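Fit chain B to the supplied structure of chain A, relying on the hints for placement.
As they're listed, the protein sequences go chains A and B. Numbering-wise, the first sequence is residues 1 to 171 according to our numbering. Numbering-wise, the second sequence is residues 172 to 276 according to our numbering.
Bear in mind the hints are in silico, worked out from the structure with no lab data behind them. For clarity, every value in this text was computed on a predicted model and none was experimentally measured. We put the CB at the ideal spot given by N, CA and C, even for glycine. One thing to keep in mind: the hints can contain errors.
[To be verified] Under the rule of at most 30 Å between Cα atoms (straight-line distance), these lysine-lysine pairs were calculated in the DSSO-like manner:
| id | chain 1 | residue 1 | chain 2 | residue 2 |
| --- | --- | --- | --- | --- |
| 1 | A | Lys165 | B | Lys264 |
| 2 | A | Lys164 | B | Lys275 |
| 3 | A | Lys26 | B | Lys275 |
| 4 | A | Lys89 | B | Lys264 |
| 5 | A | Lys165 | A | Lys26 |
| 6 | B | Lys275 | A | Lys137 |
| 7 | A | Lys89 | B | Lys275 |
| 8 | A | Lys165 | B | Lys275 |
| 9 | B | Lys264 | B | Lys275 |
[What the hints assert, rightly or not] Covered by chain A, according to a simulated footprint, are these stretches of chain B (three or more residues, beta-carbon under 8 Å):
| id | segment |
| --- | --- |
| 10 | 180 to 188 |
| 11 | 202 to 214 |
| 12 | 243 to 257 |
| 13 | 260 to 269 |
[What the hints assert, rightly or not] Pairwise CB distance ranges, derived in the manner of DEER restraints:
| id | chain 1 | residue 1 | chain 2 | residue 2 | range |
| --- | --- | --- | --- | --- | --- |
| 14 | B | Leu227 | A | Asn125 | 39 to 45 Å |
| 15 | A | Val5 | B | Arg261 | 16 to 22 Å |
| 16 | B | Phe263 | A | Thr103 | 37 to 43 Å |
| 17 | B | Pro177 | A | Thr103 | 15 to 21 Å |
| 18 | A | Phe8 | B | Glu233 | 25 to 31 Å |
| 19 | B | Arg261 | A | Asp128 | 18 to 24 Å |
| 20 | A | Gly158 | B | Glu273 | 50 to 56 Å |
| 21 | A | Ala97 | B | Phe263 | 25 to 31 Å |
| 22 | A | Met1 | B | Glu273 | 55 to 61 Å |
| 23 | B | Tyr228 | A | Lys89 | 43 to 49 Å |
| 24 | B | Asp272 | A | Arg82 | 20 to 26 Å |
| 25 | A | Lys89 | B | Pro177 | 36 to 42 Å |
| 26 | A | Thr59 | B | Asp267 | 29 to 35 Å |
Residues per chain, in single letters:
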Amino acid sequence: MLNQVMFFLFGAMIVIFSLLTVTSRKVLRAAVYLLFVLISTAGLYFALSYNFLAAVQLTVYAGGIVVLIIFSILLTSHVSERAVMAPLKQSLLSALATVAGATLTLLTILQFGFVPSEGTDPYFNITDIGNQLISYKRDGYALPFEVVSVLLLAAMIGAIVVAKKERTLKK
Amino acid sequence: MIQNIPLSYYLVISTLMFFIGIYGFLTRRNLITMLMSVELILNSVNINFVAFNRYLYPQQLEGHFFMLIVIAVAAAEAAVAIAIIINIYRNFKSIDVENVDEMKY
Numbered sequence: 001m002l003n004q005v006m007f008f009l010f011g012a013m014i015v016i017f018s019l020l021t022v023t024s025r026k027v028l029r030a031a032v033y034l035l036f037v038l039i040s041t042a043g044l045y046f047a048l049s050y051n052f053l054a055a056v057q058l059t060v061y062a063g064g065i066v067v068l069i070i071f072s073i074l075l076t077s078h079v080s081e082r083a084v085m086a087p088l089k090q091s092l093l094s095a096l097a098t099v100a101g102a103t104l105t106l107l108t109i110l111q112f113g114f115v116p117s118e119g120t121d122p123y124f125n126i127t128d129i130g131n132q133l134i135s136y137k138r139d140g141y142a143l144p145f146e147v148v149s150v151l152l153l154a155a156m157i158g159a160i161v162v163a164k165k166e167r168t169l170k171k
Numbered sequence: 172m173i174q175n176i177p178l179s180y181y182l183v184i185s186t187l188m189f190f191i192g193i194y195g196f197l198t199r200r201n202l203i204t205m206l207m208s209v210e211l212i213l214n215s216v217n218i219n220f221v222a223f224n225r226y227l228y229p230q231q232l233e234g235h236f237f238m239l240i241v242i243a244v245a246a247a248e249a250a251v252a253i254a255i256i257i258n259i260y261r262n263f264k265s266i267d268v269e270n271v272d273e274m275k276y
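Only chain A is shown next, with the shape it has when bound in the complex (with noise of 0.2 Å):
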C-alpha cells in the first residue's frame, strides 16, 4: 500500500515538473523544476530497491549537472529575465506532434502484456556491480567501461580549449 503510495507521488511529481520545466518562462526557475524531476526519479529507483542506482542519480544528476546548469544560466542570463517562446503556430503544431507520438506509444505499451519474472527481492551490493563492470570475461563490461572513460577524458578536454578565452592578438 506505502509503495504504491510512494510511486504515484513521485509518478505525479514527475510529469508536472517535466511540464513546468519546458513551459516555466523563467529560466533559473525551469532549472529548479528539473532539480525536482531528476530527485523524483532516484525516489523511482528507490522504489525498485535499486539503491545503489539511485545514488548515484542523485549525485551526478542532480548533485551535477543541475548545479552546472544553473551556474551557465547564472554566467548567461539575467535571473529576471523571461524566456522567449516559439510562435503560437509552431507550439501548437509541436504539442499536436507530441500528443500524437505520446498518444502512439502509450497505446503500444498498455497493449503489451508484460511478464514479470517471479522470484523474490534480488540483491545486489556494490561489489557485485563493479566487478561484473570491471570483468572482461563473459557478461562482463569492461569495454564500454574503458571506452566511456575515454569519452569523459575527451570531453573534458574539449570543454576546456572550446570555453577557455582566445587570446587576442591586437591590442
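Frame of chain A, contents of chain B only:
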C-alpha cells in the same frame, strides 16, 4: 517492494517524460532550456532501462550498466554543450537560437 505496481506504469511515466522533453526541445528558443529538455529525454530512457531490468531480468545487472553509461554520456554532453553555450554568449551576447545564424547559408 514492487508488488501491485505493473511494469507499464513505469513505462507510462517515462513515455510522458520523453514526449514532454521533445515538446520542450521543439518550442524553446533558449539554448540552455533546450539542453534541459535533452536531459529530460535522457532521464526518461534511464527509467526504462532500470524498470525493465528490475521486472524482466531481476537476477542480472545489464540495466545498471546501461544506466551508468547513459549518465556518463549525459554528463559529458552537458559539459561540452555548456562550454559551447558560453562561447556563443561571448561572441553574440545572447544565447537565443534566433540570433545565432552567422554560419547559416
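We went through each hint and held it up to the structure:
no., hint, result
1, Lys165(A) - Lys264(B), "holds, 15 Å"
2, Lys164(A) - Lys275(B), "holds, 24 Å"
3, Lys26(A) - Lys275(B), "holds, 28 Å"
4, Lys89(A) - Lys264(B), "holds, 28 Å"
5, Lys165(A) - Lys26(A), "holds, 28 Å"
6, Lys275(B) - Lys137(A), "violated, 49 Å"
7, Lys89(A) - Lys275(B), "holds, 23 Å"
8, Lys165(A) - Lys275(B), "holds, 24 Å"
9, Lys264(B) - Lys275(B), "holds, 18 Å"
10, 180 to 188, "holds (count 8)"
11, 202 to 214, "holds (count 8)"
12, 243 to 257, "holds (count 14)"
13, 260 to 269, "holds (count 5)"
14, Leu227(B) - Asn125(A): 39 to 45 Å, "violated, 22 Å"
15, Val5(A) - Arg261(B): 16 to 22 Å, "violated, 49 Å"
16, Phe263(B) - Thr103(A): 37 to 43 Å, "holds, 39 Å"
17, Pro177(B) - Thr103(A): 15 to 21 Å, "holds, 19 Å"
18, Phe8(A) - Glu233(B): 25 to 31 Å, "holds, 28 Å"
19, Arg261(B) - Asp128(A): 18 to 24 Å, "violated, 47 Å"
20, Gly158(A) - Glu273(B): 50 to 56 Å, "violated, 21 Å"
21, Ala97(A) - Phe263(B): 25 to 31 Å, "holds, 29 Å"
22, Met1(A) - Glu273(B): 55 to 61 Å, "holds, 59 Å"
23, Tyr228(B) - Lys89(A): 43 to 49 Å, "holds, 46 Å"
24, Asp272(B) - Arg82(A): 20 to 26 Å, "holds, 22 Å"
25, Lys89(A) - Pro177(B): 36 to 42 Å, "holds, 39 Å"
26, Thr59(A) - Asp267(B): 29 to 35 Å, "holds, 32 Å"
Checked against the numbered hints given earlier, this structure breaks hints 6, 14, 15, 19, 20; the rest are met.
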